[in-house]
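Protein chains: 4
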Amino acid sequence: MKIGFIGLGNMGNPMARNLLKAGHQLLVYDVIPAAVEKLTTLGAASAPIGQLAGEADLVLTMLPSSPQVREVYLSAGGVLANIRPGIMAVDSSTIDPHTAREVAAVAAKQGNPMVDAPVSGGTGGAEAGTLTFMVGGRAEDFERVKPTLAVMGKNIVHCGPSGNGQVAKLCNNMLLAISMIGVAEAMTLGAALNMDPKTLAGILNTSSGRCWSSDTYNPYPGVLENVPAARGYTGGFGAELMLKDLGLVTEAAKRVKQPVMMGSLAQQLYQQMCLHGEGQKDFSAIIRLYQQR
Amino acid sequence: MKIGFIGLGNMGNPMARNLLKAGHQLLVYDVIPAAVEKLTTLGAASAPIGQLAGEADLVLTMLPSSPQVREVYLSAGGVLANIRPGIMAVDSSTIDPHTAREVAAVAAKQGNPMVDAPVSGGTGGAEAGTLTFMVGGRAEDFERVKPTLAVMGKNIVHCGPSGNGQVAKLCNNMLLAISMIGVAEAMTLGAALNMDPKTLAGILNTSSGRCWSSDTYNPYPGVLENVPAARGYTGGFGAELMLKDLGLVTEAAKRVKQPVMMGSLAQQLYQQMCLHGEGQKDFSAIIRLYQQR
Amino acid sequence: MKIGFIGLGNMGNPMARNLLKAGHQLLVYDVIPAAVEKLTTLGAASAPIGQLAGEADLVLTMLPSSPQVREVYLSAGGVLANIRPGIMAVDSSTIDPHTAREVAAVAAKQGNPMVDAPVSGGTGGAEAGTLTFMVGGRAEDFERVKPTLAVMGKNIVHCGPSGNGQVAKLCNNMLLAISMIGVAEAMTLGAALNMDPKTLAGILNTSSGRCWSSDTYNPYPGVLENVPAARGYTGGFGAELMLKDLGLVTEAAKRVKQPVMMGSLAQQLYQQMCLHGEGQKDFSAIIRLYQQR
Amino acid sequence: MKIGFIGLGNMGNPMARNLLKAGHQLLVYDVIPAAVEKLTTLGAASAPIGQLAGEADLVLTMLPSSPQVREVYLSAGGVLANIRPGIMAVDSSTIDPHTAREVAAVAAKQGNPMVDAPVSGGTGGAEAGTLTFMVGGRAEDFERVKPTLAVMGKNIVHCGPSGNGQVAKLCNNMLLAISMIGVAEAMTLGAALNMDPKTLAGILNTSSGRCWSSDTYNPYPGVLENVPAARGYTGGFGAELMLKDLGLVTEAAKRVKQPVMMGSLAQQLYQQMCLHGEGQKDFSAIIRLYQQR
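Residue numbers (the numbering used here), protein chains in the order written: chain X, 15 to 307; chain S, 15 to 307; chain H, 15 to 307; chain V, 15 to 307.
Hints may contain errors.
Chain copies aren't distinguished; within one or between two, either way the pair holds.
Within a straight-line C-alpha distance of at most 30 Å, the following computed DSSO-like cross-link-like pairs (lysine-lysine) qualify [unchecked claim]:
id, residue 1, residue 2
1, K160, K258
2, K160, K123
3, K212, K160
4, K35, K123
5, K271, K258
6, K212, K271
7, K258, K16
8, K16, K212
9, K271, K52
10, K168, K271
11, K271, K35
12, K35, K212
13, K123, K271
14, K212, K52
15, K52, K123
Hint data in this document are derived by calculation from the structure and do not stem from the laboratory. Note that this is a predicted model, so its numbers are computed, not measured.
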């Protein structure tokens, strides 16, 4: 299949490579020429957005945020003005559900099925082709795009109608941030009360406090190997990115007037962490807010 | 063994019954005569605290809070004034770690080993003999008391020196409250954004948001069977009790000057819930704060 | 002077009437015909936006939020496409500072001075002509527009360059929300601890807890007369409007990555209040979250 | 009058000096001999607590916290065991209202009127004799003690029955902490959005955001002279002391099951500040949590 791929950053680049490896033809576009070159040297062809959209059998986008998604899809020279009838569009950006739904509705109206398919799994998962895709759209569109996504990920989950991929991703990441901070508080408090961190983690992990942030990604140094806490909080999922997602989720909550007391506190704590210059660290480094400097 | 058991409430009563069933002799005491009678009709003998402490081969207490623990152990007619040399004391109350350590230190000084051994598992676990005991004390004391506790529970965990049973329990319950509220926010926000709750729970449970509050005790009605959310939030672990534990944990944090931003917000949200007359409901009913009345 | 006035809602209508009373000619526009009629019967002329902008000696707008401001100013048939060179525009809407700055920059580029001039004082102040105008723009533009604004308000304050009127208003309202909730907590806690509310308010008002929310707008019924608390929280500044401002301020904080821990909690508490159906009440009714229902 | 004064720390010492200056006879006691000496060189006599209580015409105490108040009043060699019938006791310590009420009830039962009379105004006010006394007790006891307190302070306020002096002080200080943090957030956000801090403070101080923390004690450097912010946050009211009061107030709220969402967040933010080694600074230095380090 000839796939048009727009957005070749840290995530898009390895995803595109996996599509090439699987034998797909690739038409690529990015605002940064160097990002494009990395893929043309591997056999992809370069094209401006309009031409790319007009030639592709499937359009895939991986963009930083909502304004870029609107621009790339809705502008005069954009995807929807140039895509052929019936061709499908897949947006893997993490954006707010309302924008996702609005853009998909415009696409649907002109006869182009569109799904939102944000990913989790980080750059590591993108390289290895083990991403999770959370897909929002009609069931038949999900089935149609599933094989292509399966080249880049290993869990391809249908989350319901348009926008629900974003909803699932944002709700998950909000809960992730909350439980990570909860683990950070429980671990530092336990240590301050003279409890051995490894023993404490062992108890949490077999009790009702059990969660991914404790048993798989514990932020307290020395509890687990091969996690960011074991290597100075490098690698992993950056705090700035978590803050971006928390900004999206509190914004989405505001639009539907749904309180998110803890989600909002989590956003503020990550904002504090970023203010203090730690935004490039893994998000589990939030535990450092709870430790003496 | 002749066991002295003080405190025969909702938890103590079934625990004492399991000791009787296992063939132990029981000397019991409670301020409420009816509670005592329930056990004497099953073969236990009744005795005032002083006599009980003087005759028992092991003293076990299950009391509502720190002042009662101080009173029962430290007063003139109390346990430590009457217990025989070398006899062990086990306090299964949930109290603050500092009081636990102080009382155990007094006991140790006069030659009586003492461990703190708070439980989790609720009245159901107490009936079934499947409680978890989190034990703080010396390793040899832990080994000595383990067989007796095993009659009442199935996980008997050594958490380190004196007081650490309390620390483990409080840290776990703080994390539990935080993740329960996090799940409540994620689920209600997802629903408000038009996502099917069961689908959302399924995604959280296989992603980084995974936690006990989501996969085992989900607060959103209709997601799981056999949880309080499936029966109007009856049964389970009452919000008032969770609030009590959050009071203990924030107090312990205050003493060591350790911030617990989320733990403290959790305490306040449970305080709100109790103010609004819902304190008798299961603690997962906190989700109702996030739903229109 | 011939003034073009766009946006004739609860605030705009009485403001426009005061301009008429002061002898100004008025060209008015609103999407709701009935709102227009109320003013044409008083002597104002009606005109579509383009014509209004082309004829007016000064354009004044009072719109619900940022998208409307963008639409009214920047669209093809909008103000900036039709306004005469050198004519000044004044936007009295409460919107985010970034949008205010962007629109003013477009205006400035084409030679039209523009200031943001959000108001405080409520519909009462609009009727009485006693509003406060917080003005962002160049000093000379402030001086030029001041006499006109003085017809509608009594405090006309220069807050610095473009956008700063919005910054001042949002920062003030965030602090207002925080101190109102603070007063609500202090008053209900005092009452729960058996202190007479009037005595407590008296002490706060002469101590370091003194604030406008306590000494001028106390939310506890019976403390002050002629405040919303004295009449079932009717009238005043609606909780929904406060929530809107808190949404703007946390959004503005997010853009500059500035933590607002309390501002964010205030937003969530107002979101809770609105969820529970009390959004139409005065914002001081937030105290009801702290009282048994 | 012969006054017995127990507790001669930073506050008690200058208060005692003012009583001497006013011509009272003084019997003093403190656990630190040097503190006693400072006053005996000025003419006070030293005595152990029992003798002091037995000879004094009025007993005044100024102690660090609740346990010391219990010890000094209730122990065998303490005030109440030795005080003469009808002699009055005044406790100026800042402690929790429940302890204040309990101790006063014991005193009342044996025929000794007792009032709680915590102070505000800091060491500066203690030196200058301009403290505020918030007095809880019977009206006739308030009148009786007022002239003596007037030697040390200039506002002597009756807050209602026993314990209400503490309630008033704690509620005020909670509101103070909340509004100080609110001002810190408003000022730093305004600055981050390019507003001049002095201009912003000027607007807040004449608008609905007006409060003591903004108009009298602004935490933003350069806004006011002669405040801690103008001298590196030295002097003033230490963050550790504010944290102590916030601990008392959240504890008092817990006992009556009253939510204090913002009060609790304030406590946590001061706990963060103290964790990061800034507890000795004035409490207005909380603003530094909101500024890049």
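Hint check against the structure, violated hint numbers in rising order: Going through the list in order, the structure violates hints 4, 7, 8, 9, 10, 11, 12, 14, 15 and respects the others.
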